[in-house]
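Numbering-wise, the sequence shown is residues 0 to 210 according to numbering that gives the first Met the number 0.
Just so you know, the hints here were simulated from the structure itself, not pulled from any lab data.
Treat the numbers as computed from the prediction; the structure is a model and nothing was measured.
Just so it is clear, CB atoms sit at the ideal spot from N, CA and C, and this is done for glycine as well.
Be aware that one or more of the hints could be misleading.
Distance ranges between label pairs, derived from CB positions [stated by the list, open to error]:
id	residue 1	residue 2	range
1	E22	N58	48 to 54 Å
2	I174	S18	29 to 35 Å
3	F173	E90	18 to 24 Å
4	N191	D71	32 to 38 Å
5	K43	S18	48 to 54 Å
6	I195	E112	42 to 48 Å
7	E112	S40	55 to 61 Å
8	K24	K103	22 to 28 Å
9	E10	Q204	28 to 34 Å
10	Q204	K103	53 to 59 Å
11	R203	P57	44 to 50 Å
12	F173	I67	30 to 36 Å
13	E90	I19	24 to 30 Å
Capping the alpha-carbon separation at 25 Å, the derived lysine to aspartate or glutamate pairs in DMTMM-like fashion look like this [as the list claims (entries may be wrong)]:
id	residue 1	residue 2
14	K145	E167
15	K193	E176
16	K193	E167
17	K115	E176
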Amino acid sequence: MLRLIIADDHELMIEGLISILSEVKNIQLLDPVNDGRQLISNLKSNQADIVLLDLNMPNMDGIKTLEILKNDFPKLKVIVLTNYNQPQLIEEVKKLGARGYLLKNSPSNILKEAIKKVSEGELYFELKADTNAEHHPFFIDDFMKKYQLTKREVEIIRMISLELTSKEIGDNLFISEFTVSTHRRNIMKKLNTKNIAGLLKFARQHGIADN
């Protein structure tokens with residue numbers, strides 16, 4: 000019997016997944032959780048074989064959760080279930096040990112196939128990443144809320160990652176060099192980074208800059 004847990008913060012999504020998977024005879028559904036912290040806590044007392052993991056969750060998002068799962072629960076097989084079809088994100092979760100990746104609008108037979116293959120030790124990354132997708136941070140709205148960044152600040156982070164000077168950024172955005180410098184100080188404070196190296200690391204980790 001395959002023990003499976005759903006980690007998603009949308010109740011309708013959870014209900015839909017339970018409805019689909021309750022029909023599968025060899026799957027035992029554990030109590031679902033709504034964020035990464037709940038998942039980690041539950042796994043300490045409830046052994047699971049597979050987790051269907053949403054990426055955009057409150058308290059602890061899927062990326063941070065994957066980092067912990069990789070270290071603390073290496074035998075757990077993770078299938079990412081998300082709305083985001085982005086090349087960088089797919090590669091990121093692969094590096095963090097995810098065994099599969101599905102879009103939430105995938106047909107139910109694809110979900111069942113992915114669970115079967117992953118449970119048998121295979122990978123399920125048959126999704127073709129949308130290389131034409133706009134290049135922006137993962138989960139842009141929640142991302143900006145989490146770090147209290149404005150769209151202008153995200154734009155400046157991206158330009159800094161391209162090694163533009165404050166003057167060049169100002170020329171591109173039609174603002175003064177002083178205003179850019181003010182934005183840079185505010186960004187560093189919000190992200191709790193002490194230097195440009197830290198800022199660039201943050202940008203790469205969150206899909207704002209190319210690796």
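Consistency of the hints with the structure:
1. Remark: the range hint 48 to 54 Å for E22 to N58 is contradicted by a beta-carbon distance near 31 Å.
2. Roughly 52 Å separates the CB atoms of I174 and S18, a value that falls outside the hinted 29 to 35 Å.
3. Remark: the range hint 18 to 24 Å for F173 to E90 is contradicted by a beta-carbon distance near 35 Å.
4. At about 25 Å, the CB distance of N191 to D71 disagrees with the hint of 32 to 38 Å.
5. The beta-carbon spacing between K43 and S18, approximately 28 Å, falls outside the hinted interval of 48 to 54 Å.
6. About 45 Å separates the C-beta atoms of I195 and E112, a value consistent with the hinted range of 42 to 48 Å.
7. About 30 Å separates the C-beta atoms of E112 and S40, a value inconsistent with the hinted range of 55 to 61 Å.
8. For K24 and K103, the Cβ-Cβ distance of about 24 Å falls inside the hinted range of 22 to 28 Å, so the restraint holds.
9. Remark: the range hint 28 to 34 Å for E10 to Q204 is upheld by a beta-carbon distance near 30 Å.
10. The hinted range of 53 to 59 Å is not satisfied by Q204 and K103, whose Cβ atoms lie roughly 24 Å apart.
11. The hinted window of 44 to 50 Å between R203 and P57 is violated, with their beta carbons roughly 24 Å apart.
12. At about 43 Å, the CB distance of F173 to I67 disagrees with the hint of 30 to 36 Å.
13. Restraint check, E90 to I19: a C-beta distance of roughly 28 Å satisfies the suggested window 24 to 30 Å.
14. Between the alpha carbons of K145 and E167 the distance comes to roughly 28 Å, so the proposed pair goes past 25 Å and is violated.
15. At most 25 Å may separate the alpha-carbon atoms for a hinted pair to count; K193 and E176 meet this at roughly 20 Å.
16. At roughly 22 Å between alpha-carbon atoms, K193 and E167 fall within 25 Å of each other, so this suggested pair holds.
17. A C-alpha spacing of about 56 Å is found between K115 and E176, which places the hinted pair above 25 Å, so the restraint is violated.
Figure legend: structure checked against the earlier numbered hints; hints not met, in rising order: 1, 2, 3, 4, 5, 7, 10, 11, 12, 14 and 17.
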